[in-house]
Amino acid sequence: MSNDIAKEKPNENANVKAAEVTDNSTNDGYKEFLQKTTPTQQKKQTNGKRRKTINTGYTLRRPLRKWFWLFIGPMVAAFIIGFVWPFIQGIYLSFCQFRLISDAEFVGLDNYIKAFSDQSFMRSFWYTGLFAVVSVILINILAFAVALALTKGIKGSNLFRTVFFMPNLIGGIVLGYIWSMIFDGILSKFGTSIVQDSTWGFWGLIILICWQQIGYMMIIYIAGLNAVPEDMLEAAKIDGANRWQTLWKVTIPNVMPSITICMFLSLTNGFKLFDQNMALTAGQPIVMQDGVGIKQTEMLALNIYNTFYNNTALTARGTAQAKAVIFFVLVAVIGLAQLAYTRKREVQQ
Amino acid sequence: MKNFKRVLALSMAGCLAIGALAGCNNGGKDNSGSGSNSTAASDGAATGGDATKGSVYWLNFKPESDKTLQEVAKMYTKETGVNVKVVTAASGTYEQTLSSEMDKSDAPTLFVIGNSAGVKQWGPYALDLKDTDIAKELNTDAYNLYDADGKLVSIGYCYEAYGIIVNPDLLEKAGHKIDEIKNFDTLKTVVEDIHKNASKLGFDAFTSCDMDDSSSWRFTGHMANLEYFYEEKKAGKTWTECPASLTGDYIQNYKNLFDLCINNSISDPKELATGGHDPSAQFASQKAAFTVQGSWEWTNENQPIKDKVPNAKMIPYYCGVEGEEKAGLNCGTENCWAVNSKASEDDQAATLAFMKWCVTNKEASEKLVNSFGVMPYKNAVDSSNQFLKNANDYTSAGNYVMDWATNYQPNSKEYRAQLVSALNTYCADQSDKNWEQVKSAFVDGWATQYAAANS
Chain A
1 MSNDIAKEKP NENANVKAAE VTDNSTNDGY KEFLQKTTPT QQKKQTNGKR RKTINTGYTL
61 RRPLRKWFWL FIGPMVAAFI IGFVWPFIQG IYLSFCQFRL ISDAEFVGLD NYIKAFSDQS
121 FMRSFWYTGL FAVVSVILIN ILAFAVALAL TKGIKGSNLF RTVFFMPNLI GGIVLGYIWS
181 MIFDGILSKF GTSIVQDSTW GFWGLIILIC WQQIGYMMII YIAGLNAVPE DMLEAAKIDG
241 ANRWQTLWKV TIPNVMPSIT ICMFLSLTNG FKLFDQNMAL TAGQPIVMQD GVGIKQTEML
301 ALNIYNTFYN NTALTARGTA QAKAVIFFVL VAVIGLAQLA YTRKREVQQ
Chain B
1001 MKNFKRVLAL SMAGCLAIGA LAGCNNGGKD NSGSGSNSTA ASDGAATGGD ATKGSVYWLN
1061 FKPESDKTLQ EVAKMYTKET GVNVKVVTAA SGTYEQTLSS EMDKSDAPTL FVIGNSAGVK
1121 QWGPYALDLK DTDIAKELNT DAYNLYDADG KLVSIGYCYE AYGIIVNPDL LEKAGHKIDE
1181 IKNFDTLKTV VEDIHKNASK LGFDAFTSCD MDDSSSWRFT GHMANLEYFY EEKKAGKTWT
1241 ECPASLTGDY IQNYKNLFDL CINNSISDPK ELATGGHDPS AQFASQKAAF TVQGSWEWTN
1301 ENQPIKDKVP NAKMIPYYCG VEGEEKAGLN CGTENCWAVN SKASEDDQAA TLAFMKWCVT
1361 NKEASEKLVN SFGVMPYKNA VDSSNQFLKN ANDYTSAGNY VMDWATNYQP NSKEYRAQLV
1421 SALNTYCADQ SDKNWEQVKS AFVDGWATQY AAANS
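Taken in order, these protein sequences are the chains called A and B.
Sequential numbering of the first sequence, starting at 1, is according to the numbering used here.
Sequential numbering of the second sequence, starting at 1001, is according to the numbering used here.
These aren't lab readings, by the way, just hints derived from the structure by calculation.
Each hint can be trusted.
Below 20 Å or equal to it, Euclidean Cα-Cα: the simulated SDA-like pairs (lysine to any residue) are: (1) K189(A) to D1429(B); (2) K1413(B) to A279(A); (3) K1313(B) to A1174(B).
Far from chain A, some chain B residues (derived; all Cβ distances over 10 Å): (4) Q1070; (5) G1081; (6) N1144; (7) D1147; (8) E1172; (9) G1175; (10) H1176; (11) E1192; (12) G1202; (13) K1233; (14) K1255; (15) T1299; (16) K1308; (17) K1313; (18) E1345; (19) K1389.
Heads up, the beta-carbon is just placed ideally off N, CA and C, and yes, glycines get one too.
When you get a sec, could you build the whole thing from the sequences and use the hints?
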């Protein structure tokens, strides 16, 4: 059944593409045409197929032009209220000393100086980087492998897809607590626990994030694999390419758009990881070195949270805010660099 | 048909817009309810506001008291017509909830500032309670918090006690008497004897000493207090603000009691990091003769000791300090009311009137006392809490009260987290090297967190 779907999809895509091409080719002329003619004239001047397209477009466009704000308005308002305004306010607060955001005092760059001189922040940065690299590699390799297997027409593929996707529907905090029970259940046999051993803490986080995200990335890869043109695969087969060669020379170049998006999502998710980190290890274990407690498994987002809420210094919230801005810039730069790099490798079908 | 579609599209878009914007509504004040307002009218002089026109919003930090407070709030509204809203922050998230609530236009009028760090952080948002009617009702100044300028930032609305809770019946079954326990050595003898014969007796000495978040505060907050208290006592001066460092002189005494607890309990010390046990249930179901806990366990909603072990008694933290035969229980509080100085004068007046009513109205104070313990007010109902009675008995007998010096822990969450981590390592392997980590977390950790909190 899934095999049928796999075969059907490229054809559907081809149809859609064909339709788009027709639309594009007529687009400029159509605009001009709309301005010059009335609906009655259109009917007279065009053939049946064309007339239908124009009429639909015309009847839809006029109310849309008039009422578009009603449809876009709520979304734009929500975006401004929920994202743009807090973002601008967040940047402003990173230059302030505050306890309540409505009562902030401007202090210049002090917060940034404090953030960069905070050893725990720099440590979390490297730890997060390591985590992101390992998780990106594992998530993408495993998700691609699962997607490949599930597009080969194995019996019950749809069931497997659903099951693999399901962990993504569970919230991070819940996942963290569930997995801490699983890990501790196993590790207690060896006289340790996830909060006592930093190695297990790291791999515990990796296992958790893989378990949660592989299913999601798998869906994207499946869509990509289904869009690989059948004729290319057939041509490769006729040319005598083996499976391995087909995978590397035909399939992977064709799914590069999926790889780009999956890499981007897993990389940024890796950097932004918070709830799972808080629920699974909360930064434990903490090793005392020269009187300073060093959290072995604290990632950047958790470090910012702890600075904001667990430090009672009057400057702490501003410092945490500065850390959050640095964190944003870092994730944005890394994410965009990765996008630019993998996009170059995409092929035009 | 065309019109119908247009109407349908418009109404759907309208619904979407309303739905999206509904979240912006900050919930206007609901001054519903009517009735006489004689009590509410009595206050207000202190702030110049009209108590009958204001409303009260209490941000409570004790989840276990939520039910009682909701009942009390309803009683007050019924009696005076003044609206009282009680919101309880989820366990361990008071700071987060307070931060976001205080930023709203409908901010809490009554909230909790329970320690010196809180005074520093939230003091600027607290009304000076000096000379208010509620302050005049207090029968002690011991649980009040002042800022550096002498402003009365918050006043204790109840106080509590903690120590070692003992089940005398189980002790008798094991051939001992509670009166035998006078100091650490005698406590140790009894505890070790019970643990040795645990399988024969059918119960153990201590309940599980879990180090997960639901239980670790008993050791990193409460038990750690004995070290701080004896440092204070040695220096002959009660702390009034967080000291920059500790001497660590009594850390061995902390170790004495901690070792005794973890090595003579129901659970293997190696499995404490994971937690998952229920010490309150273990004690209530007579599975252990001792537990380290506080007076609130007397009326614990799930396992009330007053019903399960009605003759339970609380004894001090005996830890091997010289002269500890004269020790009393650890008495103090983090339950201190502060009134929002940014609230409208009417709301402030209404809040002060409500507070006074809570500690003077017989029915209300009875409910609150049952939930909170003792309320240190002249006209509040006496407590029926057995453990607080034990605390008073010790004081009456001339024993010294151990104050809650633990309230001064700098960046307490971070400080306790590193202590938990070190104790976890120690519990898994009780070596001297691992104890050094505990010592470092205890003493050096204090200094580094103090520095961080004052940076």
